[in-house]
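Produce the complete structure using the sequences and hints provided.
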Amino acid sequence: MLKYILKFNIYFYIIFSITLISFTNISKSADRPLQIDIMGGNIQAMPIAISYFASDENIKKLNLHKNIPNLIANNLINSGLFKLLDRNAYMQSPEQLLNPPKYRDWRIIDAQALISGKISKKNNDKISVSIELWDVYGEKRMFGLSLSSKTKSWRRISHIISDKIYERLTGEEGYFDTRIVYVSESGSQKNKIKRLAIMDQDGGNHKYLTDGKSLVLTPRFSPNQQLITFFSYSGVKAGLKPSVYLYNLSNGKIEILGQFPGMSFAPRFSPDGEDLIMSLAENGSTNIYMMNLNTRKTRQLTKGRSIDTSPSFSPDGKNIVFNSDRSGGQHLYIMKRSGEKPKRISFGRGSYATPVWSPRGDYIAFTKFTRGRFFIGLMRPDGSEERLIAEGYLTEGPTWAPGGRVLSFFRQIPQNNGSMRTRLFVIDITGYRERELDTPEDASDPAWSPKNVN
Amino acid sequence: MLEYFKIFIISILLLTFISCTNKDQESLLLDAEGGNTEQNDTLTEEIEITDNIAQAIEIEEVELTVEEKLASELIEVGDRIFFGYDESTITDESAATLQQQYQFLIRNPDLSITVTGHCDERGTREYNLALGERRASAAKNYLISLGISSNRISVISYGKEKPSVEGHDETAWTQNRTAITFINNN
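Quick note, the sequences are listed as chains A and B, same order. Heads up: the first sequence is residues 0 to 453, going by numbering that gives the first Met the number 0. Heads up: the second sequence is residues 0 to 185, going by numbering that gives the first Met the number 0.
PhoX-like mimics (lysine-lysine), calculated; alpha carbons at most 25 Å apart, straight line: (1) A:149 x A:163; (2) A:139 x A:101; (3) B:161 x A:236; (4) B:161 x A:189; (5) B:161 x A:212; (6) A:125 x A:163; (7) B:161 x A:191.
The set of hints was computed from the structure by calculation and includes no laboratory data.
Listed below in structure tokens is the structure:
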């Protein structure tokens with residue numbers, strides 16, 4: 000009797016899941032590859048199975064056969080596009096998955112995709128990790144990947160694997176093998192200590208880059224992700240203006256980027272890393288300048304009595320979007336990299352600030368302040384299709400992950416005791432799947448790195 | 000002879016004891032800050048000791064107050080001016096304060112100052128850095144227009160990073176839209 004119930008249940012599940020499948024955005028017909036359309040907005044998360052990996056006893060002692068698939072699962076789930084199926088329901092063991100899977104066993108739990116893997120120990124404290132991605136309903140191996148590296152780099156291996164799986168299943172560029180530099184905040188509102196901190200995008204390998212003795216703001220990555228530019232008051236006691244600085248991640252050296260009659264701030268690199276754009280404020284007006292990082296020569300791009308700030312290059316390096324109050328209110332403008340042909344692109348109510356051009360070039364993200372609330376918004380580079388994707392008492396400072404489909408920003412959240420909690424958030428351009436990033440202290444001014452270089 | 004020696008020892012012990020009591024310490028502190036000394040009237044020895052130490056402390060205090068007196072004088076004449084939301088206009092009230100600052104700078108021709116510009120938290124970091132610079136520069140330019148040499152005045156913008164007042168309401172925001180004048184230490 001029990002057997003019959005079980006059998007009935009299994010059939011029921013199969014029929015039920017097939018019906019369900021036909022109502023989801025997840026394609027799984029034999030002629031189309033298994034893929035999620037991430038632009039679908041409020042789509043259902045794709046159920047996937049990520050088995051623990053097969054390995055020998057040496058690896059099992061380090062727990063990597065669990066840690067690596069767990070980290071991959073964590074990345075994929077955090078994207079909001081995938082749902083991990085409970086491992087207790089898996090009918091095949093990691094060792095059985097060294098052979099092609101029994102697809103039926105995985106369809107029973109409605110896994111759309113299955114990830115299996117094995118880890119083996121190599122010489123010189125190295126490990127080799129191989130994974131296979133299986134299309135359960137298409138009954139196909141989608142791809143396999145083998146990576147070897149020092150054992151201690153197992154997190155990095157997991158992120159690279161996550162990117163490959165994400166890219167295969169979404170058709171979009173992955174962003175897991177990346178870092179985030181940000182401003183870590185502690186202390187009272189009147190006397191905040193602000194330090195630069197850096198971490199993997201999932202919060203791993205967290206470390207502080209500055210000691211907190213001087214106020215630092217707005218760090219940004221160079222395209223080769225070895226340099227960070229930021230704004231600091233560190234020279235003020237020595238009589239220097241608050242200025243733009245460079246931090247070299249490979250040797251920890253910090254240098255001031257030129258000395259100007261006024262304050263230099265709001266720095267960003269050009270897409271080729273050769274130039275840096277920033278604002279110089281003097282005598283009540285703020286203009287945009289470009290500095291060649293090799294010759295250290297500067298060129299003035301905007302002129303006048305207004306505040307022109309927060310410049311950001313288009314990904315082809317030909318245009319610059321910035322924020323100006325030249326028309327009275329704060330609005331967004333685009334100009335040529337020469338500074339010519341400035342053109343206003345924002346026309347809505349409220350103040351527009353901190354525009355950042357997407358690495359794909361299709362959107363400009365910005366901060367908007369209207370009716371007492373702050374928003375993170377997106378618009379096309381011609382100013383059309385404006386929409387707001389996040390809001391709060393204070394939300395500010397969008398930054399794009401590689402691929403241009405996911406952003407981070409920071410938000411101040413009022414607490415019951417009257418204080419504020421300031422945290423980093425991640426959201427995708429549909430405005431769905433918002434999530435808070437774990438940081439040891441309050442956090443602001445996130446800057447997402449480009450993809451790490453292998 | 001022995002009698003004298005005994006008295007001598009007793010008085011030393013007494014003096015040591017008195018000068019070691021906490022109450023005595025408290026009155027010393029009060030003295031140093033210019034507070035009451037009337038409770039010391041009961042014991043003559045105490046007054047002597049207190050006076051001596053208080054004088055020693057006073058000498059140090061005098062050294063500090065040259066700068067502190069100027070700083071508190073500046074606060075008395077008005078060390079800061081306020082601005083409207085997203086504004087950098089010098090109001091009549093601000094102009095009156097800056098005229099007082101001008102008089103103060105004329106009275107103290109050796110002093111140089113730094114004007115720091117501040118904003119409330121209702122703006123982005125980068126825009127507020129620029130706005131703070133504009134506010135500090137507005138104060139600087141007004142002082143220059145009155146006749147203070149520009150090389151006596153530096154400006155630093157702190158944007159919304161160093162509010163004078165804690166809080167997240169209109170009262171705090173009004174207090175935090177400022178340009179504050181500080182005397183340079185050198």
